[in-house]
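Visitor: Chains as they are written, first to last, in our numbering: chain C, 1 to 214; chain P, 215 to 442.
Calculated from the structure, these hints are not laboratory results. The reader is advised that the hints may include incorrect statements.
Stated by the list, open to error - Computed footprint of chain C on chain P; a stretch qualifies when at least three of its residues, placed anywhere within it, have a C-beta under 8 Å from a C-beta of chain C:
#1 246 to 253
#2 264 to 274
Claimed, not checked - Now the in silico label distances, taken between C-beta atoms and shown as ranges:
#3 F137/C <-> S273/P: 50 to 58 Å
#4 L238/P <-> T185/C: 32 to 40 Å
#5 Q417/P <-> G156/C: 46 to 54 Å
#6 T185/C <-> R322/P: 40 to 48 Å
#7 S273/P <-> A133/C: 33 to 41 Å
Note that beta-carbon positions come from the ideal geometry of N, C-alpha and C, so glycine has one too.
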Amino acid sequence: MRAIRPLSLTAVVATAAALALSLPPGRVLIEQSMVWHMLAQMPLLLLAGALAAAAAEQHRWSNRAADRLQRAARFNRYGLGSLMLAQCLLAYWMLPALIDRAVLLPGADAAKLAGLWIAGAALRLGLRQAPAAVQLFFGGTALPMLVWLGLYMAAGETRLCNAYTLDSQILAGRGLVALALGVGTAWVAWHLRARLRERGAPAAPGQRLPHRAP
Amino acid sequence: MAAPASPARPNPAPAAAKPADGLLPSFATCLAVLALGLTAIFQATDGGSAFTTETLRRSQVARAPAPVPDFAVVDAQGRVQPLHRLLAQGGRVWIVDFEYTRCLSLCRVGGSVMQRLQDEIAARGMAGRVGLLSISFDPLNDGPPALADHARRLRMQPGLWQLVALRDEADRRRLLDAFGILVLPAPRGEFEHNAALHLVDAQARLVRIVDLGEPETALTGALSLAGP
């Protein structure tokens, strides 16, 4: 298949870029700036995981592996399990105390790298299977949570992370609000476009959303 | 449709998976993941009560007092003594804060809170039970002359409010770790750090950490620790 190589390559590049921010020369950036940590490295990790999951979907698995995957899919209908996993991992690594730990302790940082990468993969796996209503449920709780956290950080009344200056936190807070609003808007736009397309071509073969057979 | 006999086939699209086996396994997975996630968050936040390093530090100290290690400290007169001996003076409970004398903006708040505490302690005649102690974490710049200058500026009353700095720069890390203070360099040669009022008893145990905005709580706490 033509698409396999470029997708895996982008996944590897994104993973390497995110890792580079946790290793010596690049580490200074996430140690000094909450913006680099929360708005560059963390989204990059999610993206890297998502790209890897997308590449894995395109991979031509052996019959045996494909059967196993299909059997495992029983436990993840509509991507419920994956989305819940992504939600938990994201909530965990948004806790100010854990952001501090990731900056101060290499072990915690390694756990964060793995956790958010897996969250990205789970997000891709889940969103691909979830109907719009399930996506709305998860997005509708996670995105407002991010907006609230961003506004709280940007208000600057309390310094949430001992590892970062208040200025850095305020900047990261504003960025987080913008990011969450941007993702929400993109989601709505994407679905509107898909609905409009469906209306334009009602006889399109293959349903995008899984439905139980009547 | 892909023939099942083909040697290799792409990962089947989830829409093609048979939904006939019901949602129960997926719901169970979902609940298990949620339970694990909540347990992890519960553990990391001290039972959902502390979301920042600062609140965690406070609740840990409140649960189990932490021994403060001994350091050689130097005061404005250039006298060097072990911190533990200073703390044991008169069997008092100490309200401790951390400062550096070059501070221009942020830690002014800490200084004025300590000043108010000093006035209150003096007015209520409690100097025999509660003492104030400011420790500088900047031993490179805060020698005795800088300390004397700072003490004058803040109108510290000797015997009621002590100001000391570390004698050895090498002790800085250990001191800050013992109290859970993280100091970050800020613009114009200043520092930014988590600030609070630390209650330390005469046995050199860090017993409680109180918000800088609640000096009354710190004073009441210190008095109840000191006993009648």
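Visitor: Hint by hint, say whether it matches the structure.
Guide: Now the hints, each set against the structure:
{"no.": "1", "hint": "246 to 253", "in the structure": "holds (count 5)"}
{"no.": "2", "hint": "264 to 274", "in the structure": "holds (count 7)"}
{"no.": "3", "hint": "F137/C <-> S273/P: 50 to 58 Å", "in the structure": "violated (33 Å)"}
{"no.": "4", "hint": "L238/P <-> T185/C: 32 to 40 Å", "in the structure": "holds (36 Å)"}
{"no.": "5", "hint": "Q417/P <-> G156/C: 46 to 54 Å", "in the structure": "violated (38 Å)"}
{"no.": "6", "hint": "T185/C <-> R322/P: 40 to 48 Å", "in the structure": "holds (43 Å)"}
{"no.": "7", "hint": "S273/P <-> A133/C: 33 to 41 Å", "in the structure": "holds (40 Å)"}
The structure shown violates the earlier hints numbered 3, 5.
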